[in-house]
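**Student:** Sequence order for the protein chains is A and B.
With this note's numbering, letter number 248 in the first sequence gets 252, and the count goes up by one each step, no holes.
With this note's numbering, letter number 106 in the second sequence gets 108, and the count goes up by one each step, no holes.
Calculated from the structure, these hints are not laboratory results.
Just so you know, even glycine gets a beta-carbon here, dropped at the ideal spot from N, CA and C.
Don't take each hint at face value.
[As the list claims (entries may be wrong)] Here are the in silico distance ranges between beta carbons for each label pair:
1) V294(B) x G375(A): 52 to 60 Å
2) P159(B) x K119(A): 41 to 49 Å
3) T125(B) x Q149(A): 38 to 46 Å
[Said to hold, decoys possible] Just so you have them, the derived chain A footprint on chain B, three or more residues with Cβ under 8 Å:
4) 30 to 36
5) 56 to 69
6) 213 to 219
7) 276 to 283
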Amino acid sequence: MFRYLSLIVKSGLRNRRRSSLTILSIAVSLCLLGVLMAMYRALFLSDQPSPAQALRMIVHHKVSLTVPLISAYEAKIRQIPGVKAVSAYQWFGGVYKDPKNFFARLAVEPDEFFKLKSELQMPEEQRQAFLHLRTGCIAGVTLAQKYGWKVGDRITIVGDIFPFNAELTLVGVYNDPEDTDTLYMNQEYIRQAMQNTTRADQIGAFWVQADNAAAVPEISKAIDDEFANSPYPTKTESEKAFALSFISFLGNLRLFLAAICGAVTFTILLVSANTISMSVRERVREVGILKTLGFTTGNILSIIVGEAIFIAGAGGALGSLLAAFLVGGVKKMPMTAGFFRDLAFTSDVAAAAMGVALFIGLVSSLLPAWGASRTSILESLKYTG
Amino acid sequence: MAIPIAYNLRNLVVRRTTTLMTALGIALTVAVLLAVLALVSGLRTAFRSSADPLHILVMRVGGTSELNSVITNDVYQSLKVKPGIAVSPSGEPLASLEVVQVINLPSVDSPTGMNVTLRGLTTMGVGMRHLRLVSGRWFAPGQREVVVGKSTANRYPGARMGERIRFGKGLWTVVGVMDGGHSALNSEIWGDLGQVASDYNRQDGLSSVLVQAQDKASVPALMQTLDDDQRLNVKAITEQEYYDRQTISGAPLQALGIFVSIIMAVGSSFAAMNTMYAAVARRATEIGTLRVLGFSRASILFSFFLESLLLSVLGGLLGCVLALPLNNVETGIGNFMTFSEIAFNFQVTVPIMVAGVTFALLMGAFGGLLPARMAAKKEILTALRET
Numbered sequence: 005m006f007r008y009l010s011l012i013v014k015s016g017l018r019n020r021r022r023s024s025l026t027i028l029s030i031a032v033s034l035c036l037l038g039v040l041m042a043m044y045r046a047l048f049l050s051d052q053p054s055p056a057q058a059l060r061m062i063v064h065h066k067v068s069l070t071v072p073l074i075s076a077y078e079a080k081i082r083q084i085p086g087v088k089a090v091s092a093y094q095w096f097g098g099v100y101k102d103p104k105n106f107f108a109r110l111a112v113e114p115d116e117f118f119k120l121k122s123e124l125q126m127p128e129e130q131r132q133a134f135l136h137l138r139t140g141c142i143a144g145v146t147l148a149q150k151y152g153w154k155v156g157d158r159i160t161i162v163g164d165i166f167p168f169n170a171e172l173t174l175v176g177v178y179n180d181p182e183d184t185d186t187l188y189m190n191q192e193y194i195r196q197a198m199q200n201t202t203r204a205d206q207i208g209a210f211w212v213q214a215d216n217a218a219a220v221p222e223i224s225k226a227i228d229d230e231f232a233n234s235p236y237p238t239k240t241e242s243e244k245a246f247a248l249s250f251i252s253f254l255g256n257l258r259l260f261l262a263a264i265c266g267a268v269t270f271t272i273l274l275v276s277a278n279t280i281s282m283s284v285r286e287r288v289r290e291v292g293i294l295k296t297l298g299f300t301t302g303n304i305l306s307i308i309v310g311e312a313i314f315i316a317g318a319g320g321a322l323g324s325l326l327a328a329f330l331v332g333g334v335k336k337m338p339m340t341a342g343f344f345r346d347l348a349f350t351s352d353v354a355a356a357a358m359g360v361a362l363f364i365g366l367v368s369s370l371l372p373a374w375g376a377s378r379t380s381i382l383e384s385l386k387y388t389g
Numbered sequence: 003m004a005i006p007i008a009y010n011l012r013n014l015v016v017r018r019t020t021t022l023m024t025a026l027g028i029a030l031t032v033a034v035l036l037a038v039l040a041l042v043s044g045l046r047t048a049f050r051s052s053a054d055p056l057h058i059l060v061m062r063v064g065g066t067s068e069l070n071s072v073i074t075n076d077v078y079q080s081l082k083v084k085p086g087i088a089v090s091p092s093g094e095p096l097a098s099l100e101v102v103q104v105i106n107l108p109s110v111d112s113p114t115g116m117n118v119t120l121r122g123l124t125t126m127g128v129g130m131r132h133l134r135l136v137s138g139r140w141f142a143p144g145q146r147e148v149v150v151g152k153s154t155a156n157r158y159p160g161a162r163m164g165e166r167i168r169f170g171k172g173l174w175t176v177v178g179v180m181d182g183g184h185s186a187l188n189s190e191i192w193g194d195l196g197q198v199a200s201d202y203n204r205q206d207g208l209s210s211v212l213v214q215a216q217d218k219a220s221v222p223a224l225m226q227t228l229d230d231d232q233r234l235n236v237k238a239i240t241e242q243e244y245y246d247r248q249t250i251s252g253a254p255l256q257a258l259g260i261f262v263s264i265i266m267a268v269g270s271s272f273a274a275m276n277t278m279y280a281a282v283a284r285r286a287t288e289i290g291t292l293r294v295l296g297f298s299r300a301s302i303l304f305s306f307f308l309e310s311l312l313l314s315v316l317g318g319l320l321g322c323v324l325a326l327p328l329n330n331v332e333t334g335i336g337n338f339m340t341f342s343e344i345a346f347n348f349q350v351t352v353p354i355m356v357a358g359v360t361f362a363l364l365m366g367a368f369g370g371l372l373p374a375r376m377a378a379k380k381e382i383l384t385a386l387r388e389t
């Protein structure tokens with residue numbers, strides 16, 4: 005086929021308008037396919053958690069995250085072999101100015117929290133301030149930027165799950181390779197505010213760190229076994245699995261994405277097959293001439309298929325490029341940011357997109373090419389379009 | 003004079019393979035859009051039909067959903083005597099104190115378990131909703147019995163009629179299945195207020211109060227009275243508004259779906275353009291002949307544009323056919339406000355199909371305009387000479 009490369013390129017460029025429209029059409033669809041595949045990968049096939057994340061687990065009530073555990077569990081979890089650090093992991097909820105301002109607000113125990121989040125970057129004096137100020141809070145850089153917060157600012161979160169308003173002072177802004185959208189506050193603040201109520205010793209969940217990643221399944225089981233017969237049975241999940249359980253909340257997203265990917269692929273196949281057969285039909289006479297010149301059926305077949313692959317490949321490359329840009333945009337969207345933290349147009353997604361493009365070029369051209377290459381010389385020369 | 007529409011129709015039939023392929027491309031795009039719109043419409047209906055215009059939901063100030071609101075019995079006692087609340091035939095004010103919890107059950111879609119809303123309420127609360135029982139009977143006060151919504155019964159094998167469910171402090175028997183029409187109540191499980199509250203140690207902190215106003219006119223005044231009473235520290239909203247806010251649960255899927263259909267539409271328009279350019283190129287002689295016969299450039303332009311529109315309408319209708327099997331299919335998505343699953347049916351309604359065909363027409367218009375202009379601009383002599 006490579007012998008005829010220049011012929012392939014020439015015939016591809018002959019009807020420039022058609023070729024560019026086809027390339028554009030394939031590019032747009034493939035760009036979409038690329039973005040969807042990147043989403044699918046980020047959600048369901050995402051690569052290994054970071055080394056620090058692989059050590060972390062979340063312990064919550066077996067029934068649901070909304071049912072609290074009791075704070076006495078903390079000491080018991082700490083005694084389980086292999087557990088390095090344990091902190092409260094309390095969803096504070098509440099409203100910051102307007103219900104639309106949605107971001108995660110978590111109450112933790114600062115000293116244990118710094119052990120758990122070893123990857124967190126923050127100046128030492130800010131760490132000290134968070135450790136010592138009961139009403140202190142720290143925010144990720146993205147979050148602080150979004151609301152224009154500076155260290156020292158007062159932040160009031162109106163309580164809903166908790167019947168009090170948290171009057172917080174921002175004492176630090178952290179950077180973290182995985183998440184810069186969370187506000188952390190001190191669990192001690194909640195405990196004191198809830199003193200003398202039944203909820204003083206309740207904790208939503210615990211954040212646990214193992215001393216090595218391999219021990220995580222074993223520790224999870226040990227924790228769940230410990231509390232299996234208590235009034236508050238637990239479910240311990242790796243941090244990654246915990247995050248994924250929220251995604252299942254969006255409905256059957258896996259099916260939704262797969263169905264759309266299927267529809268898009270089929271649409272490109274139609275578009276491409278349509279164009280190829282249009283261009284082959286126009287060229288029946290030419291095929292007759294090529295045959296007269298001594299080109300074999302196989303030669304002609306490979307020239308036509310080659311042209312289709314050339315066009316689809318160009319569309320695929322352009323589409324992948326567009327998708328790479330678009331993925332960056334989707335990642336920045338505030339609504340999706342939490343779910344698509346791992347979203348990236350990686351080389352394997354790009355390879356898959358190109359693979360689909362080339363496959364479509366091949367499949368869509370085979371039938372018209374087969375028909376054209378088998379037309380006899382006389383018949384094709386007689387053909388008038 | 004206009005070129006007869008039959009000319010375009012015949013042309014589409016003659017090139018039937020190309021026509022069908024292009025139309026199918028448009029059809030798939032339309033089908034994706036329709037699926038998304040049908041999902042959002044079904045979800046909206048589920049929430050809309052959950053609300054009674056006379057109902058007011060009372061939660062604690064700051065509570066955004068029943069799940070994170072706490073109302074004590076004392077508050078309830080002073081709240082139910084407020085003026086403007088409707089009275090039952092037996093003379094009791096129609097105000098229902100309720101407790102809402104979330105329980106986890108394995109569902110057909112998710113064997114590891116999905117969250118379901120559990121509501122504890124009294125016979126009065128049941129009566130205020132006017133629901134019909136599909137089978138069985140209502141739960142008896144003081145018994146560990148529950149009635150499940152029909153979607154819950156469908157989607158959770160462990161919660162069918164006669165089954166026993168384990169939650170709270172022990173086993174509960176399913177004694178009835180209720181039908182809430184299309185409403186969100188179909189996705190709930192109901193039990194006796196006292197029993198549910200004691201299983202979750204919530205006797206002193208229940209969730210919300212559902213109040214029925216005397217008539218439509220008294221709704222705003224009653225809400226004002228409730229909000230103004232500082233001792234109660236509650237916030238009243240209409241049931242309608244409460245459910246409207248929850249429609250936001252469908253927003254991520256809606257955003258994704260619309261994003262996908264717009265990009266697909268751009269791709270399909272290019273394909274339609276390609277097809278129309280080919281049609282113009284193949285019919286150069288015809289165009290020349292038409293001009294010789296006296297048809298103006300404008301009528302040629304209009305004729306080709308119309309042909310593109312016809313092609314896209316065909317695609318739009320095909321798309322409707324493709325999306326129709328989705329109608330009434332039951333599915334569920336997580337409700338971020340109640341932390342539990344809401345079941346609903348896809349609704350492929352007529353307005354949605356009209357929207358789909360309009361969307362197809364837009365693709366056809368975008369794809370057809372340039373080729374039609376090219377056809378109109380052809381000079382008679384050169385057109386006739388082209389082969």
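**Student:** Hint by hint, work out which the structure violates, then give me just those numbers in ascending order.
**Tutor:** Checked against the structure, the hints that fail are numbers 1, 3 and 6, while the rest are satisfied.
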